[in-house]
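Number of protein chains: 2
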Amino acid sequence: MYITGIGRTKFGVLSKSLIELAYEAMYNAINDGPIDITDIDAIYVSNFLGGPLNGQLHLNSAIASLLPDMNIPIIRIETACASSSVALNQAIQSLSQFSNVMVVGVEKMTDSKYMNPTDAIAMAADNILDYQNGLIFPASYALIAQQYMLKYGIGHDVLEQVSYLNHKNSNLNPLAHFSYKDVSMEMIRQSPIVASPINLFDCSPISDGAAAAIISKDRCSDRDIEILSSHVSTDSISISQRKDLTSFNATKTAVKKAYAEAGINPDDLDIVEVHDCFTISELIALEDLGLCEPGRSCDMIENGDISIDGRIPVNTDGGLKANGHPIGATGLAQIFEVVTQLRGEAGKRQISDHEVGLAQNIGGIGGTAGITIMRG
Amino acid sequence: MYITGIGRTKFGVLSKSLIELAYEAMYNAINDGPIDITDIDAIYVSNFLGGPLNGQLHLNSAIASLLPDMNIPIIRIETACASSSVALNQAIQSLSQFSNVMVVGVEKMTDSKYMNPTDAIAMAADNILDYQNGLIFPASYALIAQQYMLKYGIGHDVLEQVSYLNHKNSNLNPLAHFSYKDVSMEMIRQSPIVASPINLFDCSPISDGAAAAIISKDRCSDRDIEILSSHVSTDSISISQRKDLTSFNATKTAVKKAYAEAGINPDDLDIVEVHDCFTISELIALEDLGLCEPGRSCDMIENGDISIDGRIPVNTDGGLKANGHPIGATGLAQIFEVVTQLRGEAGKRQISDHEVGLAQNIGGIGGTAGITIMRG
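Protein chains in written order, with this note's numbering: chain A, 1 to 376; chain Z, 1 to 376.
Keep in mind that the hints were calculated from the coordinates and are not lab data.
Only a predicted model underlies this, so the values are computations on that prediction, with no experimental measurement involved.
Be aware that a few hints might be false.
Pairs of lysine-lysine residues, derived as DSBU-like cross-links and limited to a Cα-Cα distance of at most 30 Å, are as follows [claimed, not checked]: (1) Z/K181 to Z/K217; (2) Z/K217 to A/K217; (3) Z/K256 to Z/K243; (4) A/K257 to Z/K252; (5) Z/K16 to Z/K257; (6) Z/K256 to Z/K217; (7) A/K181 to A/K348; (8) A/K16 to Z/K181; (9) Z/K217 to Z/K168; (10) Z/K243 to Z/K10; (11) Z/K10 to Z/K348; (12) Z/K151 to Z/K10; (13) A/K243 to A/K257; (14) A/K252 to Z/K168; (15) Z/K217 to Z/K10; (16) A/K16 to A/K243; (17) A/K151 to A/K257; (18) Z/K348 to Z/K181; (19) Z/K252 to A/K217; (20) A/K256 to Z/K10; (21) A/K217 to Z/K243; (22) A/K243 to A/K10; (23) A/K243 to A/K256; (24) Z/K348 to Z/K168; (25) A/K243 to Z/K243; (26) A/K16 to A/K113; (27) A/K217 to Z/K257; (28) A/K151 to A/K243; (29) Z/K256 to A/K113; (30) A/K256 to A/K16.
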């Protein structure tokens, strides 16, 4: 199966509504490839916080309103921050009966009149065991960063480099939340503490945005990107139930299956998008994906391995940190970037070798993981 | 493919939490059939209001917490009140790659500390076009009832009979929200108006509860029920976008495909479960499913056709009206009833002929419809 069209909006603090954002991404995806909207057999909609932040659930029917009288199956998936990679996984699965399926992910996080985004995002954690004890997400990831730094003896400077690299990449991405913003190491170092050791520049932003993709059973054009494998795994929701905070079993389980099905190993990857909701999760992802040994991701960063001109470029769009994190759209924005790079259409941020790419998208504190491997 | 296990909780105002309810239904479904929990390849979780009412999203990971180290794909589906028939549809689709899949639907609607259920349920309608203009669900269905009564010249007495029949059936169902409650025509007639012409006994209750099913590729025991077809269709979310309020295109589109795939017609059905969130929607459902001509469902009720001992028994468990409507579980409770009847295990409410059954589950004001046809 193939990705035959991609589209997205700019990410950032946007004045469009949830549905307008979804429409824009869907429109762009349709116009990107040869598949017409009337050829779409089903749609998967990914969204995390439409209920709590926008007072809008039943988004599959809201999308149906954009397509009068089509009456096709439209299904909404919610698996926290992994919603859109899981929606993509389900869309791929649906090709057992359909020819062309659309996936659209959307989130409108700013300007909610219902509640603040931090409390809403906390709904991805265990309400009783985590949230009611103060474990909003920056606090949970601060505990993880503390554990990781203690276990492997690294300092906060490694996290600062992750942040710096992502911002450097987003400056080459006109659609990023932080595009063309000069961010210096000095600004990163001096940014205020959110939950020690995590400071402001360790956190991805609250973004609005949408992204979409068309998935087809058959190849349609020479710009199509083949999907080699897609796998989803889960783990317990509360960090109180984890034996180890420095690695996520859901990522490791999903990627093992994904490598096996694709018939590749980590050395074959030319581009990787990882879920850096906080800088610490980028380090953990590099290790969980098998790109280096546990505790050695700091070397990859130090050696320049993950830079755009490095051995294995990571988050060339700026990642969640700087491209932005409109939650329901994030996993599809990763797909957008991998497809753009594999096609050789990434402009100023184009990588040199671009045959095989991987996207890793997680929900909560690694409670859900979605892995997609693609070939150009 | 086959339904090889079913389980549910009692419906009603319950003191268990969202996760405890889900666990109980899952436990009962596993114990009902020959499939062990370790044989389950994936789980689909259906829930509508976990975010707004319980502060709990990412329910797929919360379910993973009940199954330590299984790390299987668990996916949450939300399509308003049709969530669980759509989750079932996706589970069936997943049998293209899996052998045994669980579907669990759950809702904890009472005792929310976050918001009132009526405002939360309104998130299934268009926030801008419907809710902000006062169209909470009883108001929308009141407009529909007005249109229907005007178009076909029927009085409120037909709706009263629908309510009476459902309560009569729920008295034979020990798991119903209203079990063993004597409800007289007098009580129904004299109940307070909610939104004219809809009175209290035209409305399904606010219920807590869960239901689950195991779906297997291969037949496992002689209690298995075959799934002949499952289809999902959508329509616009706002009633302001509909040309006709007295019929739902999503139901008609889905059931047409479902009959064709199953190779049956309405006359072949021995039992039907319809989505009577309000009594008027039971009348519309009977017509949209082709059980009678448009406007003639009143005859079916008058003639006793839909009674337990009638020509085509409908909502033998009491329907949403009297069995209850814990939204994310409702579609699976319908499946529970059809399977129980087709197996011949329905006790005091057992129908005589029980070969083929259908369940119709809708979301919002018919914005989503899920149809499942089964054979014993």
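Hints, verified against the model:
| no. | hint | verdict |
| --- | --- | --- |
| 1 | Z/K181 to Z/K217 | violated (40 Å) |
| 2 | Z/K217 to A/K217 | holds (23 Å) |
| 3 | Z/K256 to Z/K243 | holds (20 Å) |
| 4 | A/K257 to Z/K252 | violated (40 Å) |
| 5 | Z/K16 to Z/K257 | violated (39 Å) |
| 6 | Z/K256 to Z/K217 | holds (24 Å) |
| 7 | A/K181 to A/K348 | holds (16 Å) |
| 8 | A/K16 to Z/K181 | violated (50 Å) |
| 9 | Z/K217 to Z/K168 | violated (37 Å) |
| 10 | Z/K243 to Z/K10 | violated (39 Å) |
| 11 | Z/K10 to Z/K348 | holds (17 Å) |
| 12 | Z/K151 to Z/K10 | violated (38 Å) |
| 13 | A/K243 to A/K257 | holds (22 Å) |
| 14 | A/K252 to Z/K168 | violated (53 Å) |
| 15 | Z/K217 to Z/K10 | holds (28 Å) |
| 16 | A/K16 to A/K243 | violated (42 Å) |
| 17 | A/K151 to A/K257 | holds (28 Å) |
| 18 | Z/K348 to Z/K181 | holds (16 Å) |
| 19 | Z/K252 to A/K217 | holds (28 Å) |
| 20 | A/K256 to Z/K10 | violated (41 Å) |
| 21 | A/K217 to Z/K243 | violated (35 Å) |
| 22 | A/K243 to A/K10 | violated (39 Å) |
| 23 | A/K243 to A/K256 | holds (20 Å) |
| 24 | Z/K348 to Z/K168 | holds (12 Å) |
| 25 | A/K243 to Z/K243 | violated (57 Å) |
| 26 | A/K16 to A/K113 | holds (15 Å) |
| 27 | A/K217 to Z/K257 | holds (22 Å) |
| 28 | A/K151 to A/K243 | holds (14 Å) |
| 29 | Z/K256 to A/K113 | violated (41 Å) |
| 30 | A/K256 to A/K16 | violated (39 Å) |
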